[in-house]
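J.: Each step along the sequence shown adds one to the number in my numbering, with nothing skipped, and position 434 is 434.
A couple of the hints might just be wrong.
[Claimed, not checked] DSSO-like mimics (lysine-lysine), calculated; alpha carbons at most 30 Å apart, straight line: (1) Lys225 with Lys508; (2) Lys346 with Lys229; (3) Lys346 with Lys335; (4) Lys175 with Lys224; (5) Lys313 with Lys339; (6) Lys175 with Lys241; (7) Lys512 with Lys216; (8) Lys401 with Lys229; (9) Lys225 with Lys249; (10) Lys224 with Lys249; (11) Lys224 with Lys508; (12) Lys216 with Lys401; (13) Lys346 with Lys313; (14) Lys175 with Lys249; (15) Lys241 with Lys313; (16) Lys175 with Lys225.
Note that these hints are calculated values from the structure, not bench results.
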Amino acid sequence: MRIATVRQMAAIDAAAEAQRRPDCDLIELAGSILAEEIEKDLSPDSGRVVVYCGPGKNGVDGFSCAARLTEAGYDVLCVTPGGVERQSDRCRGFMDEFLGLEGRVFETVDLTDPVPALVVDAMFGTGLSRDLGDEYLDAVDQINASEVPVLAVDLPSGIEADSGFALPRSVVAHKTVTFTLLKAAHLLAHSLCGEVCLRSIDIPEDIVEAEGPYVKSFDLAEAKKLLPKREANSHKGNYGKTLLLCGGKGYSGAACLASRAAVRAGAGIVTAAVPNCVYPICASASLEAITLPLEDTLDGGIALSALQDPWFKGALAGADAIGTGSGLLPVPAAKGALKTFLESGKKLVIDAGMLNFLQVGHNPDRSEHIHVDGIPLHDGVVLTPHLGELSRVLVRTDLAKQNPVILAREVARMAGAVLVLKGNRTVVAAPDGRVYINTTGNPGMARGGSGDVLAGTIAGLAARMDAFDAAALGVYLHGAAGDLAASRVGENGMTPGMMADLLPEAAKMASKGMND
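Assemble the whole structure, with the sequences as input and the hints as a guide.
T.: Below, the structure written as structure tokens:
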């Protein structure tokens with residue numbers, strides 16, 4: 001599903017107005033749709049509806065909705081926390097319409113006597129570009145303290161639309177109604193938005209298309225399109241060979257989780273190359289994968305001699321995709337292996353400690369690029385950092401303050417590779433500018449081992465898919481498996497091993513589709 005920036009939506013609205021779609025028509029339609037959404041859950045005798053209206057376009061939609069509800073027999077109050085004198089001329093026009101219907105407008109209202117049936121937050125929506133003033137912060141606190149169901153118009157007030165960043169005091173909505181296209185914050189700040197309802201206000205598709213390309217959400221429909229099919233007349237070689245270089249002293253579990261995930265993601269043959277010190281554990285725990293022992297060092301990493309092991313070289317030559325980093329100690333031989341993998345040109349997932357070998361260089365035009373000892377990355381490489389790991393590569397401390405979509409796109413371009421920026425809603429970016437925001441996952445996945453499952457999943461899929469598609473689908477299935485695990489045992493009790501085991505069920509759900 002397409003996701004618009006504030007700039008893109010402003011251009012779409014302006015173009016729609018220019019095509020003889022007067023602004024007031026769009027607003028009246030938006031107000032009618034908001035009223036319709038409210039009427040689905042409340043009848044006129046359910047209780048009072050209190051609409052908080054800001055000074056701009058969001059407030060206009062709020063007054064338009066209030067007028068439609070009043071005409072339908074609802075008891076409606078409007079609140080203008082900043083005072084009527086701060087309302088824009090357009091906002092006052094719709095406020096006057098509401099007042100003409102004997103509507104009531106106040107600067108403050110008591111939400112405890114009587115307790116309303118619903119609060120509508122139409123203060124700022126996607127137009128937030130500054131901190132809220134004291135009077136609006138007081139309104140936010142009042143709304144949140146009331147525990148009354150809240151419907152937000154476009155976005156809960158206090159959230160920045162493009163980045164999803166929320167002010168410390170932001171409205172917490174139960175439902176958010178938005179128009180034409182989703183905004184990034186609907187995914188990145190989903191816990192504050194509640195149920196998100198996307199409605200059309202009949203803007204022609206050619207206008208919407210003209211403002212592309214768009215960031216997209218990766219959802220069930222996207223997963224169903226990308227999920228690889230298995231043919232009846234086929235064998236294991238048709239489904240790709242994945243080589244994993246993983247594991248180390250104390251980290252045998254990481255190797256086991258990655259190899260288990262690669263198998264369950266559908267790779268035809270999975271080979272896990274691990275240091276000798278963890279080989280017995282990995283061989284006994286990873287029954288479906290080939291486990292290849294490598295010479296190791298005293299501290300439990302791979303030895304330089306391991307890179308010349310004929311079995312390892314044979315596995316590398318036959319691999320369609322490689323995954324490396326899960327539990328692997330970042331010893332010199334690991335860096336040598338990474339350089340060999342890059343020089344092979346094969347699809348490659350770089351995770352965990354192996355990300356520490358990435359370096360930032362400067363081009364003649366002073367732009368930055370990412371490499372490993374001068375060896376460039378390529379579009380078959382997938383990097384899987386969280387913000388902490390990325391900050392070590394870029395040596396920046398302010399990454400958490402940056403728009404995650406813009407950051408992911410920038411780093412993917414610098415690397416010439418696919419970037420999986422792990423987080424609350426993982427962002428997947430290709431070096432050509434394409435971006436997906438994932439829609440699955442939950443807080444129960446925030447535990448050691450989850451990243452190993454993700455790396456193995458992507459590497460297993462990459463054995464027979466384009467790297468960007470494998471990354472996007474792998475992130476989705478990983479999150480969907482996490483959601484299945486949470487639904488069965490709860491977020492506190494779920495484990496990465498459960499997530500790996502539930503990957504096939506997540507894929508089965510995606511292949512059938514939600515309504516099949």
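J.: Hint by hint, say whether it matches the structure.
T.: Each hint, compared with the structure:
{"no.": "1", "hint": "Lys225 with Lys508", "verdict": "13 Å, holds"}
{"no.": "2", "hint": "Lys346 with Lys229", "verdict": "22 Å, holds"}
{"no.": "3", "hint": "Lys346 with Lys335", "verdict": "16 Å, holds"}
{"no.": "4", "hint": "Lys175 with Lys224", "verdict": "27 Å, holds"}
{"no.": "5", "hint": "Lys313 with Lys339", "verdict": "14 Å, holds"}
{"no.": "6", "hint": "Lys175 with Lys241", "verdict": "45 Å, violated"}
{"no.": "7", "hint": "Lys512 with Lys216", "verdict": "21 Å, holds"}
{"no.": "8", "hint": "Lys401 with Lys229", "verdict": "40 Å, violated"}
{"no.": "9", "hint": "Lys225 with Lys249", "verdict": "40 Å, violated"}
{"no.": "10", "hint": "Lys224 with Lys249", "verdict": "39 Å, violated"}
{"no.": "11", "hint": "Lys224 with Lys508", "verdict": "9 Å, holds"}
{"no.": "12", "hint": "Lys216 with Lys401", "verdict": "22 Å, holds"}
{"no.": "13", "hint": "Lys346 with Lys313", "verdict": "14 Å, holds"}
{"no.": "14", "hint": "Lys175 with Lys249", "verdict": "48 Å, violated"}
{"no.": "15", "hint": "Lys241 with Lys313", "verdict": "14 Å, holds"}
{"no.": "16", "hint": "Lys175 with Lys225", "verdict": "29 Å, holds"}
Taken one by one, the earlier hints fail for this structure at numbers 6, 8, 9, 10, 14, listed in ascending order.
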